[in-house]
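Whole structure, please, built from the sequences with the hints as guidance.
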Amino acid sequence: MEVDLFKEIIVPVIGGLGIFLLGLEFMASGIQALSVNKMREWLAKMAGTPVKGVMAGTIITGIIQSSTAMTVMTVGLVNAGVLGLRSAISVIMGANIGTTLGNGLIALPLGPLGLFFGGIFATVYCFAKSDRWRNIALASMGFSLIFYGLNLMTGGLKPLRKMPEVLELIQSLDASTFTGVIACVLIAALITALIHSSSATIGIVMGLGASGILSWETAVAFAVGADLGTTITSWLASLNLSKNAKRAAYAHIAFNFIGVSVVLLLFFPAIWLLRSALGFWGIDPGAPVMVDGHDTYPGVPIVIGVFSIVFNIFNVLILFPFVNTFDRVLSRVGRTQDEDVEDYSVPRYLDRRLIADFNAALPAVQQEAQRQLQAGAVFLDIARDKKNAPKDPVEHHAATDQLSREIRSFSAQLFQDGLSRDQLDLVASLIEEVDFTSALSESLYQIARRVKREPFSAAACEVLGLGLERLDQAMNTVLFAPGVHPRMPAGHSTVPGVEELRWKALQRRDVGAGEKGALIALLGSIERAEGLIERIRAERASVDRSAIMHRPAAPVGTPPAATPSPAADGPAPVPAE
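Per the working numbering, the sequence shown starts with residue 1, numbered consecutively.
For the record, the hints were derived by calculation from the structure and aren't laboratory data.
Just so you know, these numbers come straight off a predicted model, no measurement behind them.
Please note that a few of the clues may not be correct.
What the hints assert, rightly or not - Each computed BS3-like pair below joins lysine-lysine, with the alpha-carbon atoms no more than 30 Å apart:
| # | residue 1 | residue 2 |
| --- | --- | --- |
| 1 | Lys-516 | Lys-243 |
| 2 | Lys-387 | Lys-452 |
| 3 | Lys-504 | Lys-516 |
| 4 | Lys-391 | Lys-452 |
| 5 | Lys-516 | Lys-452 |
| 6 | Lys-391 | Lys-243 |
| 7 | Lys-386 | Lys-516 |
| 8 | Lys-52 | Lys-243 |
| 9 | Lys-386 | Lys-504 |
| 10 | Lys-52 | Lys-7 |
Claimed, not checked - Distance ranges between label pairs, derived from CB positions:
| # | residue 1 | residue 2 | range |
| --- | --- | --- | --- |
| 11 | Asn-388 | Ala-277 | 58 to 68 Å |
| 12 | Lys-386 | Ser-261 | 37 to 47 Å |
| 13 | Thr-177 | Gly-18 | 54 to 64 Å |
| 14 | Thr-325 | Leu-266 | 46 to 56 Å |
| 15 | Lys-386 | Ser-29 | 28 to 38 Å |
Yeah, the Cβ is synthetic: ideal placement off N, Cα and C, and Gly gets one too.
Printed below as a string of structure tokens:
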């Protein structure tokens, strides 16, 4: 029967790949929009250490029976910033073990279920009223579409597996020589790369071995190649993602390549050991059993299943001690100068162990809040195209937003029993300052985004440059304490006010009408940013922070302190920044 190449192969493969990538994007977007802090804490319990990561990868993959889906999900979580590279490496190691624990379930119809659940979650997404449910539905829909996309690609490549030429090629292979073993491994890797499922490849090999088409040694060599070929899916998943997500895919590739290389060197000793172990239990995989007048080899699937489990556990055992080495090496792969810029998405000073000690936690919050301001000031460097500034304002905006959430979450836990009214007021003041700083960062992000998006003439750039310089000087008033070197020295230049700059833009004849509109909008954003800077200054002055922080805090769990009367306290202290 002739195969319609376009209809039966090209259409489902290209369509499946698109749905697969779209599902990955939906899943990452949904996860990012959900509570990143809670998700991170939950995953920290499951994959916070390499040992837990291996266990999590093994258990979850054992349940869903797809190391491909687990690896793709891990890459997506790394891309969403929920999972770190070190944890992802250990999860991927566990996924390789988990997929071998249920090769009997390789016929599980995950693809149709993916379409079914994708439709359900798409309906929930369209009709949900709250953002939380919409984001949950978006992430779930993405995960479902990953399965459906993989199913479409697999179905599109089925005609290739049924072609006589393919079977003829398989039957011509023999694992009795080292060259033959390598050929078997490469062919199996290619088949797995095409159908995106090592379990499906092993299922095919089990069928070929049980029917006597392949010898059991050759079938085992094919099983080794299946682990190598499954790396292509994680690589495809990472193509349009962050550099860290790409590194997680590279970890999967490196782990499997190293493991396969080691097993290839030990292949013939491993076959002898396997034959001896099976002989001890009275199992001869090469012994035929007559069924319906035909010779069958029911021992071959058992051999393949046992070898797959032992092979993957062996790989984890020899490579697990090098998780940190993988992390260090892969962190340098594809690294550019942009990545050496500070990562503001991760808090530097916040430590959950400090929460019980009020007087130790407060300075940490203040330092992190100041760092949040510095992160916001980076948007001005982006707008000015400074050499070491991040190239993409969107990525930096995501980092500052995540840092803001971390600070608010940490600060809210400082509302403890036993704090005085002033101490409670100080915590509330810090949270309000962080909120004002978040709003300021949002304004600065909009400014940087517009400047990068709009092409300005030299005349318009002159007016814009004065506006950015004015905003930079205003930032100095909240960024730097006395004696600290500011971004731009005080009195460095006299910059006109926003109103004067507005009229300057309107009256210049060498500035086009479209540019004037863009400049007026940008100057309005600069004015709003200045107002937020003033709010931050006022918030800092509203509470005598230095005096309150030096008061002894009551131990956690003591009854709340009574509100002091103004008469007992005497005159109110002079507010200080």
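> Checked against the structure, which of the hints given earlier come out wrong?
Replying inline: 1, 10, 13 and 14
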